[in-house]
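Engineer: Single-letter residue listing:
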Amino acid sequence: MLLNQFLILAAALFALGIYGLLVRRNLVLILLSVELMLNAVNINLIAFESVLRSSLAVGQVFTIFVITVAAAEVGIGLAIVIMIFRNRRSANADDLSLMRW
Amino acid sequence: MTTFFVDTAGIMLVLPLVAFLMIMAVGKRMKLQGAEIAIGALAINTVWATVLFVMNMTEGVLARTTFEIARIGTVAGNEIVFELGWVVDGLSIMMFFLVNLVGLLVFIYAVGYMHGDVRVPWFFAAFSLFAGSMLILVGAPNLIQLIIGWEGVGLASYLLIGFYWEDLDNVRAGNKAFLVNKVADVGLILGAIIVALAVGSFDFQAINVAAVEHLEALSTVAVVGGLLLFLGAMGKSAQFPFHIWLPDAMAGPTPVSALMHAATMVTAGVYLMARTFPLYQSLAEEARPWMVAIGAITLFGMGLLALVADDIKKVLAYSTVSQLGYMMTAVAAGGYTAGMFHLYTHAFFKALLFLGAGAVIHAVHSNNMSDMGGLRKDLPVTYWTFLIGSLSLAGIIPLAGFWSKDEILATLGHEGYTAVMWIAIAGAFVTAFYMTRAVALTFHGTYKGHGHPHEAPRVMTVPLVLLAIPSAIAGFFSIPGVSLPGIGNFGEWLAVREVTMGDHHAEGIQWALAGSGIFAALAGIALGWMIFGKDRETQQARDGFEVPVLYPLLRNKYYMDDLAGGVVGGTMGPVAQFVNWTNTYVIDALVNAVALLTKGLGSFVYGTIDQRGVDGVVHGLSAATDGAGSALRKMQSGRVQQYAASFVGGVLALIIVFVFVT
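Protein chains in written order, with the numbering used here: chain A, 1061 to 1161; chain B, 468 to 1129.
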């Protein structure tokens, strides 16, 4: 059964994504890390779908949803990053601690 | 139509009080400063009073409307009820007519007199209260409402006498009037209670019916009760020795004096005697000689005082006291119609004389006749109207004063008070004497004041002329033995009461008596003209007849003021001091102790319970919230990745919990 390998791959990708999210300071790279985590989830969904084969193909449908949402999210996220960069001449997450008490 | 005015007669009692409140509220903003409201109220009242007066002439009006306010208690099987309402009968209609008509004319006059004066809205407000209180008094169906009106009149007179309160003397005069009246009011209230308890009702109708039927319970207390009521009447009607307040009451503005002397205040005592007349006529016969004596002393003794006064208003004030003596004597002697008829004619000519005096004072800016003289050319309207009033007061045929005075003389003669009758004739002589003096010193000779006097404006002279007419002709309504076709005569109008008054009506003119009266008046005028007709320079020369003992006695008003002051000061002084001591050291100490206790309790409640207890809880809560906020807000760093790390940490913790714990 070729499931565990996929799950290990997905877990590794997800861990990489979390790592990138927490340690990277560039906003674009943080967004890329988020994409990485989303795709890890997609791999998981497809892997389980190929094993369970539900009549409605739920795993594949959800994967399509996630891809759509990820595309939209990256679109908005990059737009915000561009606006921040234009205003502050920086895309460093550490410089953006304005929204606090 | 006819019953409409009878049924709604009560608005006459209410309108002036409404006017009082309205003037207080909006008087300042009005063009005539509230005078239009006061005049409007009295104008409406006058319409009602006139309709009632005419109705009473032709058919007689007798009605009463009462509203029960409270039940006071039960006395001898009778429940005593406190009622308010109004009585419409011959007597009250006469008074309604008088108060409203004279009041209206005086109000109109006051618009001119008070023009540019201080506190005009307040003047008209208090003036309305004055008239309204008197209407409540004369419309009263029972003694309680009468006392309410009585005290209202006293209050309003106090306010108006002390109207120019910037001057302490005026305030003192107001106080004096109020206090002298209060002393006499004790008699009124005691008398009212005694009579009411005997009859079982405060109602005049019940009292009068009981008197006519010689109710046993009433007849035992009638003399005491009657004399006590008379004591109250003596205060309001300024009978000797309570007359001392009235001359001082001249401190008020002249229109106030006019209204007070003509219709609203001093007549209240005579009115009370007339209202309870059956009590004296049927039961309290032993009281009547005393009352006649008081009246006789007043009418003669106070008339003499008018001879030496320099203030023209004081001359008229003493004249009023003297004329009130006539009224009181007449009513006390059994002349219900005679006394009330003199009240009726006197109201017109005394209001006229006061308003004329006001016009003179307005022109020369002084009350003293030593500043006047020769004004007949400058003030022709005032002069002629004043002359008509003076002649009427002196009792010259055929002016109003002659008929009423003649009726009093006839009554006194018929009732057997011959000596008093001669005193009254002598009083007529004195009356003519002092009025001649007043006219001569004011209008004849040469002018001694400053500036050039001018006739008063038309708003003041028109009321003078309107008052001069009834002063001249009002007497024809009561020619002895004559009943005018269709309307009867004054005695018949006045006899419309719930019980028969039982007073005597002369069949015709007693020419011997009338002749004596006229002779006395003419002699007074002649003597007065001989002494005062010639122009003299100094006050001393004008008074010209300084009789050694009599003159100082009169100038000092029989030392009555000093006597009253001495007696009251001597007896009341220690009492007042004792009361003051008690007040300071006993009552105040008690009050202070309570205050101290309350203060201590208050500071305990404030300091311990409120500040520490209640506020402590509130402050503690807020401090805890504040501290928690300070600690927790540090977690909001603004660093996105810190949040993400916390989030991941939380998820890991949850995974650990789910995988390893469950």
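None of these hints come from the bench; they were simulated from the model. Note that CB positions come from ideal geometry on N, CA and C, so glycine has one too. Incorrect hints may have been included.
[What the hints assert, rightly or not] Label pairs and their calculated CB-CB ranges:
id, chain 1, residue 1, chain 2, residue 2, range
1, B, L1088, A, S1110, 54 to 62 Å
2, B, L1121, A, S1110, 53 to 61 Å
3, B, D1093, A, L1076, 15 to 23 Å
4, A, S1110, B, A1095, 18 to 26 Å
5, B, S1089, A, L1067, 47 to 55 Å
6, A, Q1065, B, R1106, 30 to 38 Å
7, B, Q1103, A, F1066, 34 to 42 Å
[As the list claims (entries may be wrong)] Some chain A residues near chain B, calculated using beta-carbon distances under 10 Å:
id, residue
8, V1088
9, V1111
10, S1114
Engineer: Each hint: holds or not?
Structural biologist: Outcome of the hint check:
1. As the Cβ distance of L1088/B to S1110/A is approximately 59 Å, the hint placing it in 54 to 62 Å holds.
2. With their beta carbons about 28 Å apart, L1121/B and S1110/A fall outside the hinted range of 53 to 61 Å.
3. At about 44 Å, the beta-carbon gap between D1093/B and L1076/A misses the expected band of 15 to 23 Å.
4. Distance hint check for S1110/A and A1095/B: the Cβ-Cβ separation is about 51 Å, which falls outside the suggested range of 18 to 26 Å.
5. Our hint of 47 to 55 Å for S1089/B and L1067/A holds, since their Cβ atoms are close to 53 Å apart.
6. For Q1065/A and R1106/B, the Cβ-Cβ distance of about 37 Å falls inside the hinted range of 30 to 38 Å, so the restraint holds.
7. Range check, Q1103/B to F1066/A: about 39 Å between beta-carbon atoms, so the 34 to 42 Å window is met.
8. Restraint check, V1088/A versus chain B: the minimum CB separation of about 14 Å is more than 10 Å; hint violated.
9. Contact between V1111/A and chain B, as hinted, is not supported at the beta carbon level, the nearest pair being about 21 Å apart and thus beyond 10 Å.
10. Proximity of S1114/A to chain B is violated relative to the hint, the smallest CB-CB distance being about 24 Å (cut-off 10 Å).
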